[in-house]
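Undergrad: Chains A and B, in that order, are what the protein sequence lines are. In terms of numbering that gives the first Met the number 0, the first sequence opens at residue 0 and continues consecutively. In terms of numbering that gives the first Met the number 0, the second sequence opens at residue 0 and continues consecutively.
No wet-lab data here; the hints were simulated from the structure. For every residue, glycine included, the Cβ atom is placed at its ideal position computed from N, Cα and C. Please note: incorrect hints may appear among the correct ones.
[As the list claims (entries may be wrong)] Computed, partial: chain B to chain A, Cβ under 8 Å: (1) Leu-19; (2) Trp-22; (3) Arg-50; (4) Ala-58; (5) Leu-62; (6) Pro-69; (7) Gly-139; (8) Ser-141; (9) Ile-143; (10) Gln-171; (11) Leu-175; (12) Phe-211.
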Amino acid sequence: MEGMAGQKSSLTWAVNIAALLLVILWTIPTAGLLVSSFRDRDQISATGWWKSMVAQEQTGFVRTGGADDQVQDGDLYVLEGSLVEEGQTLAAWGTSSRDPGAFAPGDSTEVDGATLSVAENGGYRLESTVPFEMRRGERIFVVTESPPSFTTENYSRVLNAEGIGRAFMNTMTVTIPATVIPILIAAFAAYALAWMEFPGRALLTAAVVGLLVVPLQVSLIPLLRLHNEIGLGKGYVGIWLAHTGFGLPLAVYLLRNYMAGLPREVIESARVDGATEFQIFRKIILPLSFPALASFAIFQFLWVWNDLLVATVFLGNTREQLVMTGVLRELMGSRGGDWEILATSAFISIAVPLLVFFAMQKYLVRGLLAGSVKGG
Amino acid sequence: MELFLLAVGTIIIGVFGCVLWFWGSNFVLDSIYPPRGPNAGENIRRASTIRPWLFLGPAILFLGVYLVYPVVNSLWLSLLNGSSTRFIGVDNYTWLVGDSKFQESMINNFFWLLIVPALSTLFGLIAAQLTDRIRWGNIGKSLIFMPMAISFVGAGVIWKLIYEYREPGAEQIGLLNAIVQALGGDPQTWLTLQPWNNFFLMIVLVWIQTGFAMVILSAALRGIPEETIEAAVLDGASHWQIFFKIKVPQIMGTIAVVWTTITITVLKVFDIVFVMTNGQWGTQVLANLMYDWMFRGTPDYGRGSAIAIVLMVLVLPIMIWNIRNVRKEMR
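Bound-form chain A, shown alone:
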């Protein structure tokens, strides 16, 4: 029995470790982007983001002042200065490129007949009994350590300069009506499909299920031409209508499934009491269907917010009209190496969906299950 118990706990450990590994593997890509968006430009291109948490060692050199900078101190000629920038600490220094870390802070050495001493705080003092005559200063090699440093500068820069602020508003403008309007239309249709008797009901339901999988690509050319012909062109109204149309099958399907599961007695008794269908819908069905409405709202919100294809086709491609995914795509092309801008813009564009996701995850899961698991 003891063996059994031991086995059980080692299995629990294995499960915990395996799960942890999986979670880390799935989180790291996003974490990398988040960390990168808070680093400054030089650091991003110097080291991987995973090193940003620890102090970074850098090797370089500093030139002392030349002959013009020397000051006389008694009978000594002196050059003074600092080897480190603000925020850095000096780890080691040297006078030759072959061994840049030969000396520790606090040491001193001889350079061309002069005495070079470097203090703990990075200040150096080069003193000589004869005047310095070199025009360019001596090179002192330094190994410095920069503490982890993070900045929000990228965010203020991107929001103001890279058009992301504007794109954020555009995305909002596209998303909110494109989420609200299909819900309303779908709710009425779903109620009719679930609770009204009429010929062709089964056929219509089947049609909705069929339309669920129609690839968006099929719609692009005909609709673009249609919008142009009826004078709608490229603009917000067109994209709202398009997203409403594309979102409807899922909305009707989800809501119908949910409404069909509501208790028959409630609706029947309301009918017996003389309530009109419109009253039943507004006072009974809508409030009871709130979870399904919320599920669909989240789906549609995420889908519209994250969409690139529909926006590129139905909205113009000028700076004033681009949505965030569009700007991000443009930045990937034009500023592919500027990771501080890319990472920050990407993070701004995924922040809202992530917030919605974490706040309303319950409804999202419920909607997924209603849409995919038979009888669930």
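Following the hints, position chain B against chain A.
TA: Frame of chain A; chain B shown alone:
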């Protein structure tokens, strides 16, 4: 600010318009056929044959114009020339079959279809099984599920940072190359490394879809009746046997649903390829190829539509399967 007002205005007009339509049309119907008075019975009967169509009207209109009409219209356009001025029969399709980019897209799409649903479902199943058995399982689930909320473009940026390349020996800022270099290998430009670059693009979608598979499979695993598992435990089955011989067969239906749902997503995959390689270096896929033909200098609507119809034909079996399932259920 102007934009904001426009948006708010539209919401109000849109919502108000919808409400007005539904409320108004019902009101009109009820006044034409009042459900009281001498003909009450007859009126109610008449009203209730018309009312469903009032409720369904806007939805049918939208579905018709935005989904049904385009399918029919695309089919027609695919038989016309590039500017849709002349009927050319199946020429676009014969051109497609011989086009090397189309062949490349078909082969790539085939591998996407093979690999992405399989890996997503597999990882989803593992994640579901693991997170269901630990105390912090719900937190783990949310974190694995999180990529679902990230746009394909955002995911493209995230993964481009992972695949980032620097000269051999230099400090690598891409995680993958940093690992490769730390293990003594040479850093690679992953996104141009044919044919493996396709696989590196697929990983992005697997990363996104695994959470979806996990959520659904986890619900299915929990729905398995306890008795079957208890019986297996009493018979001395090992953990692996219980999982593969008892649990997996019982959720086969759900696995099929997850698989087909991801398959549809894969067929439509556009953004990932579009932003990461734009179909260069042998990574073209159908959805992106279609976009190319639609938006190049002078758009070729005939060829673009033909590619769209190919996509439509590919999802057709799934569509029919879905409809049959739903009809079976409704009976």
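Undergrad: Please verify that hint: B/Trp-22, Cβ, nearest Cβ of chain A, below 8 Å or not.
TA: holds, 7 Å
Undergrad: Please check whether B/Leu-175 passes as an interface residue: C-beta within 8 Å of a C-beta belonging to chain A.
TA: violated, 10 Å
Undergrad: Take the shortest C-beta to C-beta distance between B/Gln-171 and chain A; is it under 8 Å?
TA: Holds, because the Cβ-Cβ distance from B/Gln-171 to chain A comes to roughly 6 Å (cut-off 8 Å).
Undergrad: Identify whether the interface hint at B/Leu-62 stands, where standing means a beta carbon of chain A within less than 8 Å of its own.
TA: holds, 6 Å
Undergrad: Tell me if B/Leu-19 is really an interface residue toward chain A, meaning its C-beta lies closer than 8 Å to one of theirs.
TA: The hint is violated - B/Leu-19 has no Cβ within 8 Å of chain A, the shortest such distance being about 11 Å.
Undergrad: Should the hint that B/Pro-69 touches chain A count as held when the rule is a Cβ pair under 8 Å?
TA: OK, holds: B/Pro-69 within 8 Å of chain A, min 4 Å.
Undergrad: Measuring from the C-beta of B/Arg-50 to each C-beta in chain A, is the shortest one below 8 Å?
TA: Holds: closest Cβ of chain A sits about 6 Å from B/Arg-50, inside 8 Å.
Undergrad: The hint names B/Ile-143 as touching chain A; please verify it with the least Cβ-Cβ distance against 8 Å.
TA: holds, 5 Å
Undergrad: Does B/Ala-58 meet its interface restraint, that is, does its C-beta lie within less than 8 Å of any C-beta in chain A?
TA: holds, 4 Å
Undergrad: Given B/Ser-141 as an interface hint, is its Cβ closer than 8 Å to any Cβ of chain A?
TA: OK, holds: B/Ser-141 within 8 Å of chain A, min 6 Å.
Undergrad: Take the shortest C-beta to C-beta distance between B/Gly-139 and chain A; is it under 8 Å?
TA: holds, 5 Å
Undergrad: Tell me if B/Phe-211 is really an interface residue toward chain A, meaning its C-beta lies closer than 8 Å to one of theirs.
TA: Because about 7 Å separates B/Phe-211 from the closest Cβ in chain A, which is inside the 8 Å limit, the hint holds.
In this structure, the hints that do not hold are numbers 1, 11, in rising order.
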